[in-house]
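J.: Here's the letter readout for the chains.
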Amino acid sequence: MQTNFTAEQLRDPDTASSNSVLRTCVHCGMCTATCPTFLLLGDELDSPRGRIYLIKDMLETGRPATEEVVLHIDRCLSCLSCMTTCPSGVNYMHLVDHARTYIEQTYRRPWPERWLRSLLGVLLPRPGLFRMALVGARLVRPLGRLIPGRSMMAQRMRAMLALAPAAVPSPSSVETPRVYPAVGERKARVALMTGCAQQVLMPRINEATIRLLTRLGVEVVVARGAGCCGALNHHIGQHDRAMALARANIEAWSDEEGLDAIVINASGCGTTVKDYGFMFRSEPEPWREKAEKIAGLTLDVTQFLSRFGYAPTREASGLTVAYHSACSLQHGQQVTAEPKALLSRAGFRVVEPREPHICCGSAGTYNLLQPEIAGRLRDRKLGNLKATRPDLIAAGNIGCITQLAGDSVPVVHTVELLDWMAGGPRPPGVPN
Amino acid sequence: MIRQPDPKPDIMDRRDAIVAGLRALLPESGLIAEPRLLKPYETDGLSAYRQPPLAVALPETTEQTAAVLKYCHQNGVRVVPRGAGTSLSGGALPLADAVVVGMMRMNRILDINYPDRCAVVQAGVTNIGITNAVSADGFFYAPDPSSQLACMIGGNVNMNSGGAHCLKYGVTANNLLGLKVVTIEGEILDIGGAHLDAAGYDWLGLLTGSEGMLVVVTEVTVRILRGPEGARAMLAAFGSNEVAGAAVDAIISSGIIPVALEFMDRPAIHACEAFAHAGYPLDAEAMLIIEVEGSAEEQDRLLGQLSDICRKFDPISLKVSQSAEESLAIWKGRKGAFGAVGRISPDYLCMDGTIPTSQLPHVLRRIQEMSDSYGLKVANIFHAGDGNLHPLIMFDANDADSFHAAEEFGADILKLCVEVGGCLTGEHGVGVEKRDLMPVQFHAHELQQQRRLKSAFDPDWLLNPSKVFPLLEPEVAVLPQAA
Numbered sequence: 001m002q003t004n005f006t007a008e009q010l011r012d013p014d015t016a017s018s019n020s021v022l023r024t025c026v027h028c029g030m031c032t033a034t035c036p037t038f039l040l041l042g043d044e045l046d047s048p049r050g051r052i053y054l055i056k057d058m059l060e061t062g063r064p065a066t067e068e069v070v071l072h073i074d075r076c077l078s079c080l081s082c083m084t085t086c087p088s089g090v091n092y093m094h095l096v097d098h099a100r101t102y103i104e105q106t107y108r109r110p111w112p113e114r115w116l117r118s119l120l121g122v123l124l125p126r127p128g129l130f131r132m133a134l135v136g137a138r139l140v141r142p143l144g145r146l147i148p149g150r151s152m153m154a155q156r157m158r159a160m161l162a163l164a165p166a167a168v169p170s171p172s173s174v175e176t177p178r179v180y181p182a183v184g185e186r187k188a189r190v191a192l193m194t195g196c197a198q199q200v201l202m203p204r205i206n207e208a209t210i211r212l213l214t215r216l217g218v219e220v221v222v223a224r225g226a227g228c229c230g231a232l233n234h235h236i237g238q239h240d241r242a243m244a245l246a247r248a249n250i251e252a253w254s255d256e257e258g259l260d261a262i263v264i265n266a267s268g269c270g271t272t273v274k275d276y277g278f279m280f281r282s283e284p285e286p287w288r289e290k291a292e293k294i295a296g297l298t299l300d301v302t303q304f305l306s307r308f309g310y311a312p313t314r315e316a317s318g319l320t321v322a323y324h325s326a327c328s329l330q331h332g333q334q335v336t337a338e339p340k341a342l343l344s345r346a347g348f349r350v351v352e353p354r355e356p357h358i359c360c361g362s363a364g365t366y367n368l369l370q371p372e373i374a375g376r377l378r379d380r381k382l383g384n385l386k387a388t389r390p391d392l393i394a395a396g397n398i399g400c401i402t403q404l405a406g407d408s409v410p411v412v413h414t415v416e417l418l419d420w421m422a423g424g425p426r427p428p429g430v431p432n
Numbered sequence: 001m002i003r004q005p006d007p008k009p010d011i012m013d014r015r016d017a018i019v020a021g022l023r024a025l026l027p028e029s030g031l032i033a034e035p036r037l038l039k040p041y042e043t044d045g046l047s048a049y050r051q052p053p054l055a056v057a058l059p060e061t062t063e064q065t066a067a068v069l070k071y072c073h074q075n076g077v078r079v080v081p082r083g084a085g086t087s088l089s090g091g092a093l094p095l096a097d098a099v100v101v102g103m104m105r106m107n108r109i110l111d112i113n114y115p116d117r118c119a120v121v122q123a124g125v126t127n128i129g130i131t132n133a134v135s136a137d138g139f140f141y142a143p144d145p146s147s148q149l150a151c152m153i154g155g156n157v158n159m160n161s162g163g164a165h166c167l168k169y170g171v172t173a174n175n176l177l178g179l180k181v182v183t184i185e186g187e188i189l190d191i192g193g194a195h196l197d198a199a200g201y202d203w204l205g206l207l208t209g210s211e212g213m214l215v216v217v218t219e220v221t222v223r224i225l226r227g228p229e230g231a232r233a234m235l236a237a238f239g240s241n242e243v244a245g246a247a248v249d250a251i252i253s254s255g256i257i258p259v260a261l262e263f264m265d266r267p268a269i270h271a272c273e274a275f276a277h278a279g280y281p282l283d284a285e286a287m288l289i290i291e292v293e294g295s296a297e298e299q300d301r302l303l304g305q306l307s308d309i310c311r312k313f314d315p316i317s318l319k320v321s322q323s324a325e326e327s328l329a330i331w332k333g334r335k336g337a338f339g340a341v342g343r344i345s346p347d348y349l350c351m352d353g354t355i356p357t358s359q360l361p362h363v364l365r366r367i368q369e370m371s372d373s374y375g376l377k378v379a380n381i382f383h384a385g386d387g388n389l390h391p392l393i394m395f396d397a398n399d400a401d402s403f404h405a406a407e408e409f410g411a412d413i414l415k416l417c418v419e420v421g422g423c424l425t426g427e428h429g430v431g432v433e434k435r436d437l438m439p440v441q442f443h444a445h446e447l448q449q450q451r452r453l454k455s456a457f458d459p460d461w462l463l464n465p466s467k468v469f470p471l472l473e474p475e476v477a478v479l480p481q482a483a
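Residue numbers (the working numbering), protein chains in the order written: chain B, 1 to 432; chain H, 1 to 483.
Hints in this document: simulated from the structure, not taken from any laboratory.
None of the values given here were measured: they were computed from a predicted structure.
By construction, the Cβ of each residue, glycine as well, lies at the ideal position given by its N, Cα and C atoms.
The reader is advised that the hints may include incorrect statements.
Said to hold, decoys possible - If you want the footprint, here are the derived chain H segments under chain B, 3+ residues with CB under 8 Å:
(1) 28-34
(2) 81-92
Unchecked claim - The following residues of chain B were derived to be distant from chain H, with all beta-carbon distances above 12 Å:
(3) Q105
(4) G144
(5) L146
(6) R156
(7) P177
(8) R224
(9) M243
(10) E257
(11) F308
(12) G309
Just chain B, same shape as in the assembly (with noise of 0.2 Å):
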């Protein structure tokens, strides 16, 4: 597509690089097809290839971006799906990201909405702030019926206090620094993410993690300084804040000798990690290079699993699992297949509902700052998943387990699943 870019404008390395991107799209038009939120509003502006378009005419024109387009760019998930159905390779993941750090930078946002962005930032990264806020919002939740009004705002806050816990799980001490040893011979030695979040709101997770890989024969470290992976502050267009908190990752594992891998047990930290390559691409060395090695050296931990070895050793439950596929880890990571034959090699049913492509609606922040389309597409992935009449729903990213939680059928982490038939424990919710 041709763009109108002056040899000025071209120096920022971020517009040369939205340029790239732009000069790859040709305006085919399949992108919108794919994407959730043009199939829920049916709006050109609410599809890819309209948000392309409304950026390149901000980020050509350099003006400030205006409470219209803003409207449409925030509505978008970074779902990725258009990405995946792009059959030209156009990055849409890299040329939101500079509109979204474009928007943070020449658009004021009403304050209650940059209370709560601020406040979103400041908590969902900080394990301890986190917890104590979910305690708090646990107490008030039932009086989250009792916000009045349609307002966005009000709006944002009942869905706040709806997506609270109603137990607030205690803390677990598996993500203190230390060096898990492998059970019995080390066959290989992996640093293991162990998030922000998900730790607060399910720590069996990361337990579930390391108890399968040790027993397997893996080394997991947990790196002293190593904490959220900046994915939350990247998607509301905290830059600065996204890039020290990469930093931080990027400098405990380089630490961290005679690493095989990194593994993520949230494919939504798992895009940002390994991503981080792109994210320093402007930076000074050393830092380019570490952050380029430690991205090559990530994978999901159903990757890691698939290529390391997984066998279970109890006996089929015959239940049958419906596998949502996480949009950061289908879209995001191209991981599709994996998930899915380690749950078969687990001795479940796997099933797959219709529209797997189509996104949950948790997307990070998304189902706090956009709850109306949030709700929507939550409705209708749960339709399509219970059609498939499962005994359980597994998913491999905390946010899509968080939506899809409540309703009749219990949602475990994949990795649960495959720890559970390999040794472990029965997760919690799962029938006989």
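We have chain B already, so just place chain H on it with the hints.
T.: Below, chain H without anything else, positioned relative to chain B:
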């Protein structure tokens, strides 16, 4: 460069009143008029031509569509209908004084009738959406344009779209049973229905392929078919375009009708393989995808006969798909071919001419010669069995000279198609792209007769007025060009 009719000054002056008038007829967020938000609507799949409209209306029902058209008719406002905006001929290119009427919100499947083998869907349902709705019961909707994932059935009707499998099943016109349409006066008409053929004149035949210039289509009744017992594709690789073209001619003249017979040349093979990882032969100059259907025995017999024919043309390789996944990947590459060319060139013009299949070797050789003389690369991807060519001329839209050369090259190819006894368009429609070449195909009095037909439906020429026919002087202006 493409000329557009002058915007009507009185319409431009009354812009705010027109926007307010239309807004009152539509649900919330159903009318877009903010200039920055109109930009994404300024073009379709032919992005070299661009013009933001006066406004965009997104009706959700036939009645709302009728109300919008009635208002536009009473106020002399031009209307450009739009489906998914995937047209490669600029069929949905707006005018500065026109209201784009988008069908994207009308995306419901209204009825599926298996006993009578038909489905009633709204105009904004995607082509593949129809098949997806009936595939669990073993049915499908046959026409399958490469953009079928995204393109909408209303647009398919207006362009009489084809696709890879039309060799056996025919194009949109052959799979259509009924339409609900709105005239420019806002009158709602039902034509045809859940039965074959319609009483009286063949209105369906007339409206199919009328490029949004006679009526706005809001509902479509299509024929659905029971799927075949099985299907298998084979890849035949050859040493040159001409030889592959000769093999196509030999297959067709042998009397075998494969369900699809697709052609790809070297640049296309490489671009598509990078996208689909389908195991395309990267050492070939040209490749045919040949698909057959039926029972396993039928497939084997046909594939054997087709292989025998191909062997007479010194194939580099012949490979039959061994699994459903492999066949899926083969078609994924072919269906994503136009977009995949985006990997090797920032821009392309996708031509769409039809020729008698016996002319394939000659025309492919001439296209290569033209490519050399224009200094522009071309990728050939097309429905060979139908003789429906899609040369993709690669250019750089940031370079004005390159764009103009590509336009001229494209025009020369289409003139060649007519010269050898073919036609300007196979399935993409005339749109604005081929509008000015219509006199190559038709005499002046033939064009005049067609214009009179348009006038019978739309005397004021408000519906998509700048498409299909060369503009009549002096009512023209120059559209800001692509580069």
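J.: Next step is simple, just say for each hint if it's right about the structure.
T.: So, going through the hints one by one against the coordinates:
Given a C-beta distance limit of less than 8 Å, the hint that chain B covers the segment 28-34 of chain H holds, as 3 residues qualify and 3 suffice. Judged by the Cβ-Cβ criterion of 8 Å, the segment 81-92 of chain H is covered by chain B as claimed, because 3 of its residues qualify and three suffice. The claim that Q105(B) lies off the interface holds: its Cβ sits roughly 18 Å from the closest Cβ of chain H, which is beyond the 12 Å cut-off. At roughly 26 Å, the least C-beta separation between G144(B) and chain H is larger than 12 Å, which holds for a residue marked as non-interface.
Distance check on L146(B): its Cβ is at least 27 Å (rounded) from any Cβ of chain H, clearing the 12 Å threshold; non-interface status holds. For R156(B), the shortest C-beta to C-beta distance to chain H comes to about 19 Å, beyond the 12 Å cut-off, and the non-interface label holds. Once the 12 Å rule is applied to beta carbons, P177(B) is consistent with being away from chain H; the minimum gap is 41 Å. For R224(B), the requirement that its beta carbon stay farther than 12 Å from each beta carbon of chain H is met, with the minimum near 41 Å.
Its beta-carbon lying about 30 Å from the closest one in chain H, M243(B) satisfies the requirement of being farther than 12 Å from that chain. No Cβ of chain H approaches the Cβ of E257(B) within 12 Å, the least distance being about 36 Å, so the stated non-interface status holds. At roughly 24 Å from the closest C-beta of chain H, the C-beta of F308(B) stays outside 12 Å, upholding its exclusion from the interface. With a minimum CB-CB distance of about 24 Å to chain H, G309(B) clears the 12 Å threshold, and the non-interface call stands.
The structure shown violates none of the earlier numbered hints.
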